[in-house]
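Could you fit the two chains together into a complex? Lean on the hints.
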Amino acid sequence: MDKTAVSAETYVPVDSDFRLKNNADEIALDANFAAQGFWRDVFIRYVRKTSAVIGFFLIVIIGIMAIIGPGMNEYTYSGQELSQKNLAPRIPGIEKTGIFDGSETMSTTTGSKKVNHYEENGLDDVYYWFGSDMFGRDIWTRTWEGARVSLIIAIAAAVIDMLIGMSYGLISGYYGGKTDIIMQRCLEVANGIPRLVVVTLLLLVLQPGMVTIVIALMLTEWIGMSRIARAEMLKLKEQEFVLASRTLGAGSFFIIFKEILPNIIGPIITQVMFSIPTAIFTEAFLSFVGLGIPVPQCSLGSLISEGFNSFTTHPYQIIPPIVVMALLMLSFNLVADGLREALDPKMKEM
Amino acid sequence: MKKYVAKRILTAAFTLLVILLVLFILMQLMPGSPFNDEKLNDSQRAMLYAKYGLDQPIYIQFFRYVGNMLHGDLGVSYKISRNTPISQLIQTRLPISLFIGGFAVSIGAVAGLILGLIAALKHDTIWDSIATVISVIGVSVPSYVFALALSYTLGFRLQWFPMLYTVQKSMGSSVLPSISLSMFTMASIARFTRTEMIEVLGSDYMLLAESKGISGFSLIFRHALRNALIPIITVLAPLVVDLMTGSLVVEKIFAIPGVGSLLVNAIQSNDYNVVISLSFIYSALYIIIMLVVDILYGIIDPRIRLAKKGD
Chain A
147 MDKTAVSAET YVPVDSDFRL KNNADEIALD ANFAAQGFWR DVFIRYVRKT SAVIGFFLIV
207 IIGIMAIIGP GMNEYTYSGQ ELSQKNLAPR IPGIEKTGIF DGSETMSTTT GSKKVNHYEE
267 NGLDDVYYWF GSDMFGRDIW TRTWEGARVS LIIAIAAAVI DMLIGMSYGL ISGYYGGKTD
327 IIMQRCLEVA NGIPRLVVVT LLLLVLQPGM VTIVIALMLT EWIGMSRIAR AEMLKLKEQE
387 FVLASRTLGA GSFFIIFKEI LPNIIGPIIT QVMFSIPTAI FTEAFLSFVG LGIPVPQCSL
447 GSLISEGFNS FTTHPYQIIP PIVVMALLML SFNLVADGLR EALDPKMKEM
Chain B
6 MKKYVAKRIL TAAFTLLVIL LVLFILMQLM PGSPFNDEKL NDSQRAMLYA KYGLDQPIYI
66 QFFRYVGNML HGDLGVSYKI SRNTPISQLI QTRLPISLFI GGFAVSIGAV AGLILGLIAA
126 LKHDTIWDSI ATVISVIGVS VPSYVFALAL SYTLGFRLQW FPMLYTVQKS MGSSVLPSIS
186 LSMFTMASIA RFTRTEMIEV LGSDYMLLAE SKGISGFSLI FRHALRNALI PIITVLAPLV
246 VDLMTGSLVV EKIFAIPGVG SLLVNAIQSN DYNVVISLSF IYSALYIIIM LVVDILYGII
306 DPRIRLAKKG D
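In order, the protein sequence lines correspond to chains A and B.
Just remember that this note's numbering sits 146 ahead of the position in the first sequence, which is counted from 1.
Just remember that this note's numbering sits 5 ahead of the position in the second sequence, which is counted from 1.
This is chain B alone, in the form it adopts within the complex (with noise of 0.2 Å):
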């Protein structure tokens, strides 16, 4: 198990290092330059890169960049707000993100165990129809419909809701941007428990434990469900992804100040430093959850660490 971690970690830092290379690489061959306002001369253009360092040798650049990084010191914004430390400019964004994205993963979860439980239970039913139905159009229709769709009823028309998020309500304002990006989450996690509930459901030791007279809540919560939800953290990693490009596109529909919108704004402004550095942001979060799932999947299933060892 040890070696197994080990190799994981491994793995994970080394990931990690060839995703600032290609960052660094991809930003070098970016077109365009921080500084091409009309107004500077050559020697004003090099005494701005002399401050920012750029006018150093790119190998230099890179270690000088890879040893910032992992201090927590991502550089400054050049255009979205001028010399401003992007960390300082991410603060602020990050725990709104997180928390709408938190939101999201809790109603989906608690929404696509229900789902996936009544699909189950009632197997082959009117029932087990519609919530099928309601996950294959979850998981195949992108988010940003949804949020569409979402704030033009019930922000729009209905106005139930508000159509923009506002930091003074931001509980209110969160509801539907949670709502749209859980779609996916909650479909897949109903597909999943609805598939793992009736293979349980059907098994001998379900027989058994009904013929020992347990019965009703207990037996299906303490007995079948936790059964069927060990293998629920293999649908994790898609999961993370789809959060990750769904919040750009629903934090761009509800005008969210979150770190999302901040990349959709850096990538239209050519900012390039705030580019790179959420992409190192974005994938250190995507690295570590994924190490964390898979260390998590070695621990509950014996099986997975066994196999990846005879690998």
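Just chain A, same shape as in the assembly (with noise of 0.2 Å):
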């Protein structure tokens, strides 16, 4: 690269225009393992990214809460106590270090104050950990109720639109020809309906709920999966063992789902755990948008969409169910970044 040394007659080439060819690539240490099966292997290059164990364990900490955060104290989900309402978190034991003790910071037209209307009102022994909402519920036992009710639907609904999209794109793979082409058209069209649209006017015609939520979640996200099983199945049904098995006598419905279902599970897994984000998100937005699970019950889209109403007055109100959301939707991200890669050490890094 040294224009310098370039001259019109002879060009001797120094050290610096030489480099090393990058051939990681085509030359690698033979590396001896013991045996392993493929879930073993799998394991072990998932638990080597740092982000993915993050994930798995922030998934694992929000589904325990979501199990026992209600139970944890006296209060329930629905019970209401309108005289205790928007009182700010206070924790026994951490109050006295001035955070969480029940105060919060009004603003006013004459600048802001403090005040605790847990001692305004005589409560010494009231304790909301996550402060209480407008209705004098506490936002703890909520959350994760929330969290509970938003897990439920995006676990269902992945599930359920694993096996529509699984069975779909294998079936149109295998066969192949005028099947695939009419399945293929079919699913076009079902493609070209923006989800916003399908998902809204259900809601419109169901009664709201958490059955209509995985339904019209249902409706809408097993495309995405259909593909993949499709072009995983194009890829796999000319080889070998598939012949193999059919010279054996195997019917189609046994290759599809003994043969060639358990070589692409794979693909399937990461795809369910990309989809369920997705799920979270949606049943969020719906209730955002007033169209999600009926009170008193509560998900996290349904508290987000409350806490919104005081946000600015009362901003703890909002804040867990949000973060609780944002973490779980972060951490399935992570897991599922991860899994595909470990599953499919080969795949481009995206």
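One thing to keep in mind: the hints can contain errors.
Claimed, not checked - Beyond 12 Å from chain A on every Cβ pair, some chain B residues (computed):
{"#": "1", "residue": "Val-10"}
{"#": "2", "residue": "Lys-44"}
{"#": "3", "residue": "Asp-47"}
{"#": "4", "residue": "Met-52"}
{"#": "5", "residue": "Tyr-54"}
{"#": "6", "residue": "Tyr-64"}
{"#": "7", "residue": "Ser-86"}
{"#": "8", "residue": "Ile-95"}
{"#": "9", "residue": "Ile-131"}
{"#": "10", "residue": "Thr-171"}
{"#": "11", "residue": "Gly-303"}
Stated by the list, open to error - SDA-like, lysine to any residue: derived pairs with alpha carbons at most 20 Å apart:
{"#": "12", "chain 1": "B", "residue 1": "Lys-12", "chain 2": "A", "residue 2": "Lys-167"}
{"#": "13", "chain 1": "A", "residue 1": "Lys-324", "chain 2": "A", "residue 2": "Arg-373"}
{"#": "14", "chain 1": "B", "residue 1": "Lys-44", "chain 2": "B", "residue 2": "Lys-84"}
{"#": "15", "chain 1": "A", "residue 1": "Lys-324", "chain 2": "B", "residue 2": "Tyr-9"}
{"#": "16", "chain 1": "B", "residue 1": "Lys-84", "chain 2": "B", "residue 2": "Gln-273"}
{"#": "17", "chain 1": "A", "residue 1": "Lys-167", "chain 2": "B", "residue 2": "Val-81"}
{"#": "18", "chain 1": "A", "residue 1": "Lys-195", "chain 2": "B", "residue 2": "Ile-139"}
{"#": "19", "chain 1": "A", "residue 1": "Lys-167", "chain 2": "B", "residue 2": "Ile-203"}
{"#": "20", "chain 1": "B", "residue 1": "Lys-12", "chain 2": "A", "residue 2": "Thr-325"}
{"#": "21", "chain 1": "B", "residue 1": "Lys-56", "chain 2": "B", "residue 2": "Val-81"}
{"#": "22", "chain 1": "B", "residue 1": "Lys-217", "chain 2": "A", "residue 2": "Lys-324"}
{"#": "23", "chain 1": "B", "residue 1": "Lys-8", "chain 2": "A", "residue 2": "Arg-331"}
{"#": "24", "chain 1": "B", "residue 1": "Lys-56", "chain 2": "B", "residue 2": "Val-71"}
{"#": "25", "chain 1": "B", "residue 1": "Lys-56", "chain 2": "B", "residue 2": "Ile-85"}
{"#": "26", "chain 1": "A", "residue 1": "Lys-195", "chain 2": "B", "residue 2": "Asp-129"}
{"#": "27", "chain 1": "B", "residue 1": "Lys-84", "chain 2": "A", "residue 2": "Gly-436"}
{"#": "28", "chain 1": "B", "residue 1": "Lys-12", "chain 2": "A", "residue 2": "Gly-323"}
{"#": "29", "chain 1": "B", "residue 1": "Lys-7", "chain 2": "B", "residue 2": "Ile-305"}
{"#": "30", "chain 1": "A", "residue 1": "Lys-167", "chain 2": "B", "residue 2": "Lys-217"}
{"#": "31", "chain 1": "B", "residue 1": "Lys-8", "chain 2": "B", "residue 2": "Ile-300"}
{"#": "32", "chain 1": "B", "residue 1": "Lys-127", "chain 2": "B", "residue 2": "Phe-226"}
{"#": "33", "chain 1": "B", "residue 1": "Lys-8", "chain 2": "B", "residue 2": "Ile-203"}
{"#": "34", "chain 1": "A", "residue 1": "Lys-167", "chain 2": "B", "residue 2": "Met-211"}
{"#": "35", "chain 1": "A", "residue 1": "Lys-167", "chain 2": "B", "residue 2": "Glu-215"}
{"#": "36", "chain 1": "B", "residue 1": "Lys-56", "chain 2": "B", "residue 2": "Asn-46"}
{"#": "37", "chain 1": "B", "residue 1": "Lys-217", "chain 2": "A", "residue 2": "Phe-164"}
{"#": "38", "chain 1": "A", "residue 1": "Lys-404", "chain 2": "A", "residue 2": "Trp-185"}
{"#": "39", "chain 1": "B", "residue 1": "Lys-12", "chain 2": "B", "residue 2": "Ile-292"}
{"#": "40", "chain 1": "A", "residue 1": "Lys-167", "chain 2": "B", "residue 2": "Asp-129"}
Just so you know, these hints were derived from the structure itself, not from any lab.
Since we're looking at a predicted model, the values are computed, not measured.
Ideal placement from N, C-alpha and C gives every residue a C-beta, glycine not left out.
Right, dumping it as structure tokens:
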């Protein structure tokens, strides 16, 4: 790259013109491993990625809290105590340090001042760990209850999507020909309808509730899954082991679900993990627009929507559900990323 | 190529028709009537039904509906603003939504490109990690979380930008909504640019260009980036979807008088003519964008249309 060295007559290469070829992909040290199964291999590659492990633990922690969280204090998710509304977070023990002591800063026209509604109302032995909302419901309990509802919806939707999309894609890819053309045209049309429109309209027609949201998610999310299943099927169906199985007299359904499915389970699991955050987001979005879970039940989305109404005056009401939801979506994405790389190390990093 | 384009256009048109049919059927199934005012008696109600053509057989209503929609006559609003043509309602709102959407895409594209470039050029350094963390957060955290966070910190606490949208100061009050909407665009473009750039930078033709004495700016932008950006069209589809969904909530948070907030209002007040028209507009926009993306991609990358032909 030394331009001054270039002369019309002869060019004598200098050291800096040469560089070692990057041949990391071509030669690799042969590492000897003890014979180990595919899943163990996946596990080793997975734990090597820190972000994926962090994501996994976050999901476990939030999952456990969603199970035991609502039962950890005496409040219930729907129990109202109107005399104790809009109380700031107060945690026994930590309150002495000055944070979480139940005081909040109120902005008034003359400036801001610190008030403590617990002391003003003589509620000395009342503790709301995350505060209470405008109906005097405990936000701690409601946050974890909401996390539980959101997780149930997301996982149910993801599993149903997997079953529908996987079967559709596998069948379409396996039979090929006319079946494939017709099935793919249907899919193209279905894919042309924006998800937003389908979900919105469906929730207008059906009664709002958990089952409806799952159905709405089911109708929209299977397409991506079926594309992946079909692509994998096209890759595998001409291989020898399929031919061998057919020669031995196996029927189509046996080949599809017993021979090919176990070989493509990796990409399918990855896709399921990616569709869970989408489901959480869609549910939260629907609740925010007012089409979500009916009161007094709650989900993360409906909590955020409620907290939004007073988020400038009582910001502590919106923070817990938003943080839990953001962490949940983030960690599912991290886990999905990690799984994708662990299951298919040759795949392009994305 | 002609055959491929024709096929794509045909599919798109058919999809639009299916959407119209689905919208129409779903709307028929909707609970509630637009005229459930207690003060109306049966004959008055029948008169109203006759006036809006709701007493005709279903299929006539449908054909008339399709014809009207394609003419751009979207019907009138029953509830939100009585007897106002919907096209008139949308007329003032669509430019606002498009402006904010466009603003968001531009911010996202520029920031995403810069972020992705930094990550690729400083591969495996702390810069790369920072860029990756930012883009993972951007992809996984929904836009309205950003919207709430921004409007609380920058809008309410620091008061740098207005918390709510005002028509008078449309530029300044568009900043926060656009930034919140742009996060997903930014993050996906950053991730994509990074992956493609790393691949391009390691390729043989880059080595050739470098050994010919091309260096610095020209090497990165003219030789590497141009090749890396060709497949970026593939990320457009999820971006459009995200912008549409995101705009509904973000418009509600910042009180923007756009199409998204109109749809939310219409849903909540059961104004089904407005819901049906907006769904149609959203679908039509979506289908047109997908069509353009598919055709563009076919033009740019011949492998795509050849593969489709062999399909």
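Verification of the hints:
1. Val-10: At roughly 15 Å from the nearest Cβ of chain A, Val-10 (chain B) sits farther out than 12 Å, so the non-interface label holds.
2. Lys-44: 25 Å, holds
3. Asp-47: 26 Å, holds
4. Met-52: Met-52 (chain B) clear of chain A: closest Cβ-Cβ about 26 Å, beyond 12 Å.
5. Tyr-54: 20 Å, holds
6. Tyr-64: 20 Å, holds
7. Ser-86: With a cut-off of 12 Å, Ser-86 (chain B) remains clear of chain A, as the shortest Cβ separation is near 19 Å.
8. Ile-95: 16 Å, holds
9. Ile-131: 15 Å, holds
10. Thr-171: About 17 Å separates Thr-171 (chain B) from the closest Cβ of chain A, which puts it past 12 Å; holds.
11. Gly-303: 15 Å, holds
12. B:Lys-12 x A:Lys-167: 46 Å, violated
13. A:Lys-324 x A:Arg-373: Roughly 17 Å separates the two Cα atoms, so the pair holds.
14. B:Lys-44 x B:Lys-84: Holds, at roughly 16 Å.
15. A:Lys-324 x B:Tyr-9: 19 Å, holds
16. B:Lys-84 x B:Gln-273: 11 Å, holds
17. A:Lys-167 x B:Val-81: 69 Å, violated
18. A:Lys-195 x B:Ile-139: 17 Å, holds
19. A:Lys-167 x B:Ile-203: 16 Å, holds
20. B:Lys-12 x A:Thr-325: 18 Å, holds
21. B:Lys-56 x B:Val-81: 12 Å, holds
22. B:Lys-217 x A:Lys-324: 53 Å, violated
23. B:Lys-8 x A:Arg-331: 16 Å, holds
24. B:Lys-56 x B:Val-71: 19 Å, holds
25. B:Lys-56 x B:Ile-85: 18 Å, holds
26. A:Lys-195 x B:Asp-129: Since the Cα atoms of Lys-195 (chain A) and Asp-129 (chain B) sit roughly 14 Å apart, the hinted pair holds (cutoff 20 Å).
27. B:Lys-84 x A:Gly-436: Roughly 18 Å between the alpha carbons, so the hint for Lys-84 (chain B) and Gly-436 (chain A) holds.
28. B:Lys-12 x A:Gly-323: The hint holds at about 18 Å.
29. B:Lys-7 x B:Ile-305: 14 Å, holds
30. A:Lys-167 x B:Lys-217: 16 Å, holds
31. B:Lys-8 x B:Ile-300: Given that 20 Å is the threshold and the Cα spacing comes to 11 Å, the pair holds.
32. B:Lys-127 x B:Phe-226: With Cα atoms ~15 Å apart, Lys-127 (chain B) and Phe-226 (chain B) stay inside 20 Å; holds.
33. B:Lys-8 x B:Ile-203: Roughly 36 Å between the alpha carbons, so the hint for Lys-8 (chain B) and Ile-203 (chain B) is violated.
34. A:Lys-167 x B:Met-211: 13 Å, holds
35. A:Lys-167 x B:Glu-215: 13 Å, holds
36. B:Lys-56 x B:Asn-46: Distance ~15 Å between Lys-56 (chain B) and Asn-46 (chain B) Cα, so the pair holds.
37. B:Lys-217 x A:Phe-164: Between Lys-217 (chain B) and Phe-164 (chain A) the Cα gap is close to 13 Å, so the pair holds against 20 Å.
38. A:Lys-404 x A:Trp-185: 18 Å, holds
39. B:Lys-12 x B:Ile-292: 14 Å, holds
40. A:Lys-167 x B:Asp-129: 19 Å, holds
Checked against the numbered hints above, the structure breaks hints 12, 17, 22 and 33 and satisfies the rest.
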